[in-house]
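Enquirer: One letter stands for each residue in the lines below.
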Amino acid sequence: MIDALEIGDDCLVLSQRLCQWVTRAPTLEEDVALANLALDLLGQARLLLSRAGDEDDLAYLREPAQFRNCLLVEQPNGDFAHTIVRHLLYSDFLFDLYDRHPGDDVAAKGVKEIAYHRDYARLWILRLGLGTDESHRRTTAALEALWPFTGELSQPSPFVLDVLREASLAVPDVAQREGGRRGEHTEHLAPLLAELQVLHRAHPGARW
Amino acid sequence: MVSLAEARRIADGVPDPELPVLTLGELGVVREVNELADGRFEVVITPTYSGCPALSAIRDDLVHALPGASVRTVLSPPWSTDWITEEGREKLREHGIAPPRRTGAVDLPLSVRCPRCGSPDTELVSRFSSTACKALHRCRACLEPFDHVKEI
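Going down the list, the protein sequences come from chains A and B.
If you number the first sequence the way full-length UniProt numbering does, the last residue is 208 and the count never jumps.
If you number the second sequence the way full-length UniProt numbering does, the last residue is 152 and the count never jumps.
Isolated chain B (complex conformation) (with noise of 0.2 Å):
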């Protein structure tokens, strides 16, 4: 029988599918698990984006690794990046990703850093890249093109 702390543990711990990198728990779509009154668990996530297409996958991944388990979709409140984890941001740099900036906090522009070689001289390509979530960058120290986990 698994105790509702394990069950948040293992919502916690299945990975993304579109940022495999990271997990549900550290980009912050795990937002409660319940054990509800007939013993079986509830697992509350939010979406990153309205139109994320991943959501129908984590719905999957999260009853595979609680079998029985619902998942509840919740939008409020709005999904933000100043919700990963610090050991989440860590994980998106050392896989080439640019973790977001926190949010609200900067009035001045900061450019965002390469993830690889760390020089802040980046510029913007795109700000729409290979997922809702991502903007596109390229570093003029090293040229190398990068995403960036945009902030919102």
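Next up, chain A with everything else stripped away, as it sits in the complex (with noise of 0.2 Å):
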């Protein structure tokens, strides 16, 4: 069964750093895609969340320490390079998971989503590492950077090992970290969920 508040919490705190993004991307059509790719976990969030409870309360309402989100998802921005590995290693996941479980109606509906996410990513993964001097290094920065928090999600697939070969990136040797499923997370969640909880926070029950 999947676990409604962990991949809710995934997918919402994934969103949120993706949403950071937007105006600030590379060019017009990456600042869309990236807004689309944020609204998709946006939609699994709440539908995962109002499983496991009420989802504003979830969402706006817990302190860091009760966020059951994965530690990769919370890792900031950083270059371009640093987001799309990320999403590959989070959307391998994902998609593993969902794929796993066709009798869950979010999984099911979100499986078809997750598959662009991948294909998205891998699309860029190969770009970056065979484009030039400069994608290349920042790339093989960002997956020694990230490939410490595949670990908690007994992740990369061999799927992610095919693109990385296929982009001539080395699979980095580096120690794994965990927690966040215990609510042990980086520094880095408690500034995303201030921005993501303040309006609510300030005028609870709020609406556009």
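It is possible that part of the hints are untrue.
[To be verified] Covered stretches of chain A (in silico footprint by chain B; criterion: 3 or more residues with CB under 8 Å from a CB of chain B, positions within the stretch not fixed):
#, region
1, 29-42
2, 106-119
[Said to hold, decoys possible] Which chain B residues stay away from chain A? Per the calculated CB distances, all over 12 Å, these:
#, residue
3, V2
4, I10
5, G25
6, R59
7, H64
8, E87
9, S111
Hints are computed from structural coordinates only; laboratory data are not their basis.
Just so it is clear, CB atoms sit at the ideal spot from N, CA and C, and this is done for glycine as well.
Join these two chains into a complex; the hints should help.
Expert: This is the structure we're talking about:
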């Protein structure tokens, strides 16, 4: 069974992170693409958190230590390579999870959306890995920074390893970190939640 | 007094808020219309995408079209572009949006035809466009950019 709180939190936090690119992405097309990815994840977060309780209370009124998202999704956007590597690693995990639960209605719907996410990330990894010395260097740095958070997800899958091989990128040899599922987060989650929650906390029940 | 068949026709005929050239029936978003025990109607809809921001507008439009009706959202079976009717596909094309191809059946990646000049010589600019359900393409023949309802 899919843990609605853990995966709902993953989707919510990653969606919020991606929204931080809006109006700042390298090109207009990527701005639109990243906003679309964020929108899909927000939709899935709402469906899953509604299953776990009241979606607004869960999103707006919990403290960082009460969030059950994995550490990977709360990592900062960094440069474009960091954002793409993070998205490859997380969509790889979420695609496999949804794919293993065809009887779950959120998963059955979400798997079709996440297939596009994974493919989007794959195509960018190929372009970045095989692009210029600079793009290769930045993507390698992003992999080294984010690889420690893959163990918590029991990933990557052969899909990711194939993409990296195809993109001439090395699999990093780095120690693993975990703790997000127990509420032990990195220092990056609290500021993100502060931004997400400030309006609702200042004006409870505010509506557009 | 509106009959169940009329209620279905009314619900099917409500325009989609994001693609107003299509009705909710042509888009495949209206799944069922039922008559409840108390005589009111219930419209069952399914979102195109999980995060579809048009869902609340769709709900409001349906209640406006069928006063007193309730609207229930179901996720399963997940919406597919295969549910867009032939008439709906034709309308999309007429309005400069390339309709989706059938999912599953095609192994060869056939190109998306330009909805303006009909040329198959088109390229993908971005898989994501103005709404969650569309991708952005460009025609190499007439050089116009166009939206394509991507297969899902």
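Enquirer: Apply the coverage criterion to the region 29-42 of chain A and chain B: a residue qualifies when its Cβ sits closer than 8 Å to a Cβ of the chain, and three qualifying residues are needed.
Expert: holds (count 11)
Enquirer: B:R59 clear of chain A by more than 12 Å, beta carbon to beta carbon?
Expert: At roughly 15 Å from the nearest Cβ of chain A, B:R59 sits farther out than 12 Å, so the non-interface label holds.
Enquirer: If I take the minimum Cβ distance from B:V2 to any residue of chain A, is it greater than 12 Å?
Expert: holds, 31 Å
Enquirer: Over 12 Å from every CB of chain A: does B:H64 meet that, or does the non-interface label fail?
Expert: holds, 19 Å
Enquirer: Examine each Cβ of chain A, and state whether all of them lie more than 12 Å from the Cβ of B:I10.
Expert: Nearest chain A Cβ is 27 Å from B:I10, so the label holds.
Enquirer: Closer than 8 Å, Cβ to Cβ, for at least three residues: run that test on the region 106-119 of chain A against chain B and report holds or violated.
Expert: n = 8 at 8 Å, threshold three: holds.
Enquirer: Confirm or reject: B:S111 is not an interface residue toward chain A, with every Cβ-Cβ distance exceeding 12 Å.
Expert: holds, 17 Å
Enquirer: According to the definition I'm using, a residue is off the interface if its beta carbon is farther than 12 Å from all beta carbons of the partner; does B:E87 meet that for chain A?
Expert: holds, 24 Å
Enquirer: Over 12 Å from every CB of chain A: does B:G25 meet that, or does the non-interface label fail?
Expert: Consistent with the label, B:G25 stays out of reach of chain A, its closest Cβ about 21 Å off (over 12 Å).
Checked against the numbered hints above, the structure violates none of them.
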